[in-house]
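Put together the whole structure using the sequences plus the hints.
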Amino acid sequence: MTPLLRQLLLPAALALLAGATAPAACEAVPRTTLALYDGTREAAPRDTRIHRYAELVLNHLGQVVVYHDIARNAAPQVDPASVALVMSWLDAPVADVSALGAWLAQDQGFCDGGPRIVAFDDLAPWAAIDPSGRSMAAMGVTWDAAIRAVGIGATVIARDRALMDFETDFLLVPGDYRAVGATPAARVLLQLGPPEAPLTLAAIGAGGGYVHASAAVQAAPGGRAAWVIDPFAFFEAVLQQDAVPRPDPTTFQGLRSFFVTILPTGWLDLMPAPVFGKPDRLASEVLVERVIEAFPDLPMSVAVLAGDLATEIGGRHAARGRQAAMQAFAAPNVEAAAEGYSDIWDWDFFARYDSSQEALMMAASGGQGTEDALVTSAFQMLREAVADPGMVRNAQWGGAPRRYAGVPFDLNRELAGAMSDVTALAPPARPVGLFAWSGNARPFDTALRAVGEAGLPGIGGGGGIMDAARPSVTGLWPMSVQVGDQRQVYDALGGDAAFTGYWTEPLSGLHALPQTLRLTERPRRLKPFQLALAARSMIHFQTLRAVQNALRLAREAEIVPIRASAYVAAAEGFARMRIIPEGPDLWRIRDGGALRTLRLDDAAGRVLDMTRSEGVMGARRVGTSLFVALAPGVEAPLVSLSAGRDPSGIAPGVGAPALSSSRPVIETWARGDCTLDFQVSGFAPGPVTLKTAPGARLAVAVSGVDDGRPRAATADAGGMLTLVVPAAPGGLRGVSISGGC
Amino acid sequence: MQRRLSRDVAIGALVLCCGVVGGLVALRPAPEVRFEAGLAQLEPDAALLQLREAQGRMTFHDNLELLYGQLLLADGDLGAARQSALRLLARSPSTVAALDMLAEIEVIQGDLPRAVVALRRAYHTAPSAERRSRLAGYYGALRMADAERALLASVPSETLTRAEIDRLSLLLIDAGQIDAYEALLSGLAEGQGPDHLVFKRRWLEYLVESGRPTDAVAAASRWLERPDAAAVLEASVQALIGRGAVDAAIRLARAGFAAAPEHGHVALPVLARTGHGGVARMLQDEWLAGRQTLGAGDWATLTAMAESTGDLRALHAALVSGKGPAGPDATAAALMQFLRYRGPVALVPYRGLLDGVVIEKAPLLGAAWSIWRADLAGGYRDLVAAAQQPLSDWDQLIWMSLAENLRGTSFHRQLLAGAATHPGLRQRLREAVTPARPLDALAARSAPRPG
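So the sequence lines, in the order shown, correspond to chains A and B.
Numbering-wise (the numbering used here), the first sequence opens with residue 1 and increments by one.
Numbering-wise (the numbering used here), the second sequence opens with residue 1 and increments by one.
Simulated from the structure, these hints should not be mistaken for lab results.
Using N, Cα and C, we set each Cβ at its ideal position, and we do this for glycine too.
You may find that some hints are simply not true.
What the hints assert, rightly or not - Which bits of chain A does chain B cover? Going by a derived footprint, with three or more residues having C-beta under 8 Å, they are:
| no. | stretch |
| --- | --- |
| 1 | 170–176 |
| 2 | 217–225 |
| 3 | 539–551 |
This is the structure:
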C-alpha cells in the first residue's frame, strides 16, 4: 500500500470503525437499572429499599439492578449504553453529587435519548444531581425546596385507580412534605388537595416517574409491608419494554423450574427415641432414608458442613454424619454441595475478621456452648458433656459469629477446603457442584469471588414467602444482589427455616408452601418452585411431612426438575444476556449462558415464528405471557415473532415439530426440515409435548425403547403431541421424530 | 371350732380377694385413657395411624380429639384436621387451643376469612397481644380496615405497640373518625410512655392545624411541670414553629422561663435555628434578665445563640454580669464566638479570662491573643496545638489568617514543613504556597524550535 493510499484509507477506516462503534454500543436493549443509594444511610445495596422492594419487580421486567453509592461522589462504573433506568429511593439530600450529575449530563454514551429517571421518596437529591431540571421534567414533576405541612384534613383530589391501591389502600400520613407538583403533560397517579395548590404524591412523566414514600410501600405492624402503587404497572409504564422479550430464569422448557436445596443445619441433631433404650437417629440419617432415597426421581442438592464431619470439631456424632453424607452423595439424584467449614453465621463479621473480637463475643455469648444447642435435652447435656471434644469448642447461637470457633478462621479453609472435603466424600464422577451460603448468607465480595474462581455456583439468602396471611410481593426477595463487583444469587423461595421461624413458630407452617407457589405463579410467574430445607426438619414430624408432601406435589406438578446449580447458572445468565433487535419482532440473543427462556408479556396476539427463528426449540403460552425456549448449545439464537393467536403460542410453519414443554431436560436439539432429533436426561420418565400440524402423523423412535423401529404417533386436532420419554439417571435418552411436513 | 375358724378365714379371704379384684376392676383406666397412654409411646406417624384406625370405633375425649387434630395438621391432612377441630369445638365451643389450631389450619389452607372467624373467637375467649397482632394482620391482608381499626381501638392505647398506634392513627384518619383520633393522640401525649415526646409533638401539631394554638400552649405548659421539662419544651417549641405558630411558640417559651427556669433556655436555640433570630434574641434578653445564676446549660445556650445569630451582646452581658462562673470549657467556647465574629481584638476586654486552662481548651484563642500581642513564639506554639484539634472550616480560615502573621519567619516555614498536622490545614497551606498550574501544560510549554 502506498503512503498516499494509506493516508487516504486510514482515516476512512477509522471513521468507519468509529461509525460502527456508536451503533454497536447501543445495539442491545438496555437492561440495566442504576440504583442510587446513600451509603451513609443504607450501608450496602442489600440493605436498601430498592433492593428490598423494587428489585424483584425490576428483575421480573428484565432489568439487572446495579447499585451506585452517591455519597462517594464518583461517576457510576457502568456502561451508559446499557442503562435503561436510573432510580433513587432516598430519604434525605446528599452532600455532593456533582460526579453523578456530570455523568448523567453527558450527551454521548446513552441510548434511546437517555435513561428513564425514577425517584421514590425524597426528590431533593435530584435538584442537586440535575440542577437543569431536566430529570424532574422527565419524571413529570416540579419541585421546590419549600416544606408543606400536611394535616389530617388533607384530601385526595386525584387517584389513578389503575395503578394505585394495589396491595393496600393509600393512607394519608400527616407530616412535612416537599412541595411537589405535576407538569401539565404528566399522568398524575395520586394528588392531595387543595385543587389550587395540589401536592403530587405519584406521577409518570415522559421519561420517568416519581412516587412519594407514602404512595410506595406501606409498613404495618409485625414487619409486614405492602405496595400502595402497582410497581409492575408503574415500572412498565416508565420502561415501555413490554414488546421486548425478557430473560426469565423461573421457567425452563416451557415449564416452571423446580429444584431442591438441602442445608446441613442440624445434620448431627439427634432424633430422640420415643422409648428409652431404642437407638436414636441423626437427622441426616433420617434425611437419607426418608427423603433422598424415597424420592429418587427428583434431583436434590445436598450441602454438608465440613466441620460437622470432622471428629475433632464435630464431636462424637461426626463419623455417623460423615457416613450419612457419603450415602446421600452416592444417590444418583443428589448433587453434592458444600456449606463451608466452621458454620459461619455472621459473614459481615468475617469481612474484617478480628480474632480477639471473636474471643470477646464468645465470652459474651457464654463461651462453651452446646453441641446441638437447639435440640439437645438437658439430659443429653449431662450425659455427653464430658465425653465429647466438640462440646467445648462450639459457640452458642447468641451473638457468636460462627459455630465452630475453636479453629482459627481461614477463608481458604472455609471455602476451597470445604469444597475439597465434599469432593472427597462424593463419587468421583460427581464432585462438589454447588456452594451454599450459611448463616445470615451475607458473604462479602472476597468470599464470593473465591467461590466463583473455584468454578462453583453459589446460592443462599433471599427467598421469601407470599401467602394468604402475607399476600404481598414485598415478602419476596429479588433474584440476586450485587456485592462489590460480585453478584450473589439468592434462594428463590423461603424454606423450612423461614416458614417455621427457624423452628420456633408452629412447625406446621411449612405446609403453607403450596400457597406461596400458587401466588408466585399467578397472575405472574415470579419465582421457580424451590424446596429449601435443612436436615433439622427431619427430626420434627410436621416439617418432615411437609417436605415429603412438597416433593409429592413436585411429582405431580407441571415442572422441570433441575439441579440447584442449573438454576444458579440461569440466574447468572440473566445478568449477562444481551437482546439485540435485528428487525421488527426479531431479536438476536447473546451471552445468555445457561439461561434458555425468554418471556414476552402482553403477547396474546403474538406467536413464535419457527420459520424465521434460529436455535429456538419452541414456546408455550401461559396466560397472556409467551415463554420462548432456546435450544441448548446455540451461541446466538434468533427469536422471531409474528401475529397470531394459536393457543400453543407457536406458528410451526411446515417443518418438524416444535417444543411446547418438556419435563425431562433436553440436552441436545436438532430440528431439520422434516426431522427432529433430541436427547434428554432426567431421573424418571416424563412428558415431552410437541407442537406440529393438526392431526399430523409422525414416526417416533426412542432409544432403548423402540430399538430403531419407529412407531407411529398422531398429533391431536390442536397439533399437540405428548410423548412420555423414559429418562433415567446416568445417561441420555435419544428421541427421533420424522414426518409432519 | 377350728373348722369354723378356717371357714371364716376362707370367707374373709374370699371377700378380701373379691374386694381387691373389684377394686382393680373399678380402678382400671378407661379404654380411651389406655389408648392415649399407648400413643405416647409411638412415633407421631404410628400414633396417627392408630388414631385414624380408631376413629369411629371409639369416642375421642377432648384431649384425644385435640391430639388427633394436631397430628392431622402436622401430617398436612388439612381437611381432616379441620373436621377434627370442628368436632372438638362442637363439644367445647370455647376451647382456645382448638380455636387456635383451627385458625392455623385455615391459614395454611389459604382461607383467611375462615381463619379470622376462628382467631377472633380465640381472641375474645383469651385476649392476648400475640392474637391481637395476628388478627389485625389478617384484617390488613383482607383489607378489612373497619375491623382492623375496631380491633386496635378496642384495647387501651397503653397496651398497643408503637407500630399498632401508628397504624390505628392512620386508620382513624382515613375513616374520618377525628374524635377518636383526638382521644387517642391526646391520651398518648398526656402519658409518659417511651414515645411520649413524639405524641406530644403530634398532638401540638394537630391542635395548631385545627386552629387551636391556645390549647396547644396550654397543653405544653402543663407538661412543663413534669421531670423532663427541657426535652418537652424543646420538642413543643419545635412542633409549634414547624406549623408556623410563632406567637404560640413565644408564649410557650415564656411559660417555660417561668415554669422551668433552669430549662427555659432550650427554647432559644430552636427559635434561632429555625430562622427566628430576632425573636430568639428578644426572648434571650428576657430569659437572661430573669436568671440569677447561670449554669453549664445556660452558658451552652448563650454560646449557641451567639454562634447562630452573631449577636454577642447577651454573651458579653453574661460574662460581665457575675451571674455564675463559666467553667474553662464554657469560657473557651464563649470567647471563641468573639474571636470568630470580631477577631483577636475582641478578646481584649476578656484578657483576664484567658488563662492557661482556657487556652488549653481552645488553643486558637491563645494563638490569636499571642499574635495580637506580637508574641510570635507563643502564637506559633498555640497554632501547632490548635492544629491537633478538630477545626471547622470557619476555624481553619481563622487559623490560616493567624498563620499569615508568621509569614517570613522560621515559624511559618516550620508550619509549612509539617508542624501543622491537621489534614485540612495542610491542604490549605499547600494551596497557599503552590502557584496555580496552567490548565494545559502542553499549551504553556515553550514552542518547539526547528532543528
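Verdict on chain B covering the stretch 539–551 of chain A, where coverage means 3 or more residues with a C-beta closer than 8 Å: Since three or more residues must qualify, the claim that chain B covers the stretch 539–551 of chain A holds, with 5 doing so at under 8 Å.
Verdict on chain B covering the stretch 217–225 of chain A, criterion of 3 CB contacts below 8 Å: holds (count 5)
Proximity test - 8 Å, beta-carbon atoms, the stretch 170–176 of chain A to chain B, at least three hits: holds (count 5)
The earlier numbered hints are all upheld by this structure, with none contradicted.
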